[in-house]
Amino acid sequence: MSAPVAPPEGPVGTIHDLGYKRYAGSRLAASTRWRVVMRNQITTSWKTWWRFKSSLALAVITTFIAGGVMFILNDKVVRDFAGAAASTMADAALPKSIEWYTRAGFLVSLTIGARIVSGDLRSGAFTFYFARSVRPRDYVLGKLGGMVVLMALISLAGPLVLAFARLGLSQDTGQLLATLHLVPKAIAIGLLGTLVFSTVPLAFSSLIANARYSMALWAAYYLVFGWMVSLLGRVSKSWIGVLDLATSLDAIALDLFDLRLFRGRAGHLDPTLALISVLVHVGVALAIVSFQVRRAHGSGVGGAS
Amino acid sequence: MTEATPLISLSTLSKRYGNILAIDRLDARVDGKIIGLLGPNGAGKSTLLKALLGLIPYEGGARVLGLEARTHGAEIRDRVGYMPEQEAFLAGMSAVELCTYAAELSGLPHTEAIQRAHSALYYAGLEEKRYQPIDTYSTGMKQRVKLAQALVHDPEILFLDEPTNGLDPRSRDEMLELIADLPERRGCAIVLSTHLLPDVERVCDHAVIMHHGRLRFVGSIDELRGARGRDTELLIEVKADAAALAEVLTAAGATCELVTLVTLAVSLPTSATNELVFRRAREAGLQIRGITVRRESVEAAFLRVIGDAPAQDATP
Chain A
1156 MSAPVAPPEG
1166 PVGTIHDLGY
1176 KRYAGSRLAA
1186 STRWRVVMRN
1196 QITTSWKTWW
1206 RFKSSLALAV
1216 ITTFIAGGVM
1226 FILNDKVVRD
1236 FAGAAASTMA
1246 DAALPKSIEW
1256 YTRAGFLVSL
1266 TIGARIVSGD
1276 LRSGAFTFYF
1286 ARSVRPRDYV
1296 LGKLGGMVVL
1306 MALISLAGPL
1316 VLAFARLGLS
1326 QDTGQLLATL
1336 HLVPKAIAIG
1346 LLGTLVFSTV
1356 PLAFSSLIAN
1366 ARYSMALWAA
1376 YYLVFGWMVS
1386 LLGRVSKSWI
1396 GVLDLATSLD
1406 AIALDLFDLR
1416 LFRGRAGHLD
1426 PTLALISVLV
1436 HVGVALAIVS
1446 FQVRRAHGSG
1456 VGGAS
Chain B
16 MTEATPLISL
26 STLSKRYGNI
36 LAIDRLDARV
46 DGKIIGLLGP
56 NGAGKSTLLK
66 ALLGLIPYEG
76 GARVLGLEAR
86 THGAEIRDRV
96 GYMPEQEAFL
106 AGMSAVELCT
116 YAAELSGLPH
126 TEAIQRAHSA
136 LYYAGLEEKR
146 YQPIDTYSTG
156 MKQRVKLAQA
166 LVHDPEILFL
176 DEPTNGLDPR
186 SRDEMLELIA
196 DLPERRGCAI
206 VLSTHLLPDV
216 ERVCDHAVIM
226 HHGRLRFVGS
236 IDELRGARGR
246 DTELLIEVKA
256 DAAALAEVLT
266 AAGATCELVT
276 LVTLAVSLPT
286 SATNELVFRR
296 AREAGLQIRG
306 ITVRRESVEA
316 AFLRVIGDAP
326 AQDATP
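Those protein sequence lines, which keep their order, are chains A and B.
Okay, so the first sequence: first residue is 1156 according to my numbering, each after it adds one.
Okay, so the second sequence: first residue is 16 according to my numbering, each after it adds one.
These aren't lab readings, by the way, just hints derived from the structure by calculation.
Small disclaimer: the values here were computed from a predicted structure and weren't measured.
Heads up, the beta-carbon is just placed ideally off N, CA and C, and yes, glycines get one too.
Treat the hints with care, since some could be wrong.
What the hints assert, rightly or not - Rough simulated footprint, nothing fancy, chain B against chain A, three-plus residues with beta-carbon under 8 Å:
no., stretch
1, 1189-1195
2, 1282-1289
3, 1301-1309
Put together the whole structure using the sequences plus the hints.
Next up, the structure:
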């Protein structure tokens, strides 16, 4: 216990005050706070080039290349090695571009998604949030919403642009109507990619209070574990390969657009099982994030007594 | 705040973590401008703060600004500012960005939030440094940012958890000056949770003392000091014979204790004033060189209150 200290004789600091007035206006409803969290998530992610802009650039390049292929090699027919399947480049460009959007999405999930909750856990940000009228669901919804918006710019916007580009290549109204189905399909595969890369890395980031470790864990799951289960699935000819998220997304895309060419690893997967795997991943990830944030909320302020 | 609505009122408030009773049947009405929340580690201060912010379930009642924390937690947190002991910043943000974000999270519109962020940071003394990333700040500057983010949404009560921790003496003085200025200038009450009793002595007008999850004292600092806080406790220095003065004052009903040959500790009867001392000394022909009103330090009073004596009735 330290000895009493006599107060200083005169003021030691300067009180700066520009003229204070109590805030008399209305406050935004508590149910809208998640939007503030979401907006901040987007703003923060946009700040540095390597977190988001570099991956967005990859998605834009993919769109330009795939769009260029569509226009330049419009009617060129490609066949597989056996000659059993064929497609025009205009039809193949969109489904084949999905794997590149998936790569860009993974990069963003690594540089942003896998760091979000772990970074907040480490920096004490939970205290910052929960000492205010922010509920755990506002936090989760806000962070998730921010990720969804960012990810949609990559996983959804690109395929959608290409789908419209494909419609633009139609020779007549009949062909336009025949290819109109590409739009909802591009939206569907874009939304799936957006959901996967928004939720699953967020769950990994909520497991460890160290951003580097959570990034490493997510990368190991997506790349190493994904490659292993994919190999295992091909060797054992079993469903286990659907646990590889990248290949599952690819398989769903190729099936949606009915492309029989260049299927690679995705050719061994049942698209229905792949879809189930993706949805289960999303569901489990949401449950993990919600549970972890709620748990942290209970002990987030003031430390242990 | 009306008289009928105290800042904080507790009624048989208890919180149990498994087998551990963190706070045990707290009953109190707490008011004041700057209230010191005191207690050793594990006393239950943090648990009490969490309960008051509506962050943990509890038994009994805990009302802040007349609102029950269990059911109106979000509303209370909009009207209360919290300055945590540990760092609670968001990586990569400047102080202005952090405070603007904090104000928006508390429901202020964006434009108002920006204005209030600048005002709060300027008030906290950050001036031009408010544009720099917080990661580059010194400990003192970080404490100021924590104070500003707690203030920015214009709260009616501020909960400050160890606000002077880790500060050098000058920064500590400046922080205490800011804290002491807040009730007058911003019209908010302050609950100051701290281990540094000199800080409490300097800025607080009321105190809440907790020990082993129970309230040991709730009341003003003067009441905490008890009888020794009154002006009837004197230390008298005489020119020659303190024992002779002790004799005449004892005869007048005072309690005297010889400290040195020329110094006397005197406890006057409740109704008596210094005039009694001067009159008796004059009558006895003794010359008084100085009279000091003895005040027990908050630290001594705190140690007395949390001593091994059984818990007192918490209400003043």
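Hint check:
1. 1189-1195: Three-residue rule met by the stretch 1189-1195 of chain A, so holds; n is 3.
2. 1282-1289: With 8 residues in contact (Cβ-Cβ under 8 Å with chain B), the coverage given for the stretch 1282-1289 of chain A holds.
3. 1301-1309: With 0 residues closer than 8 Å to chain B, the stretch 1301-1309 of chain A misses the three-residue bar; violated.
Consistency with the previously given hints fails for number 3 only.
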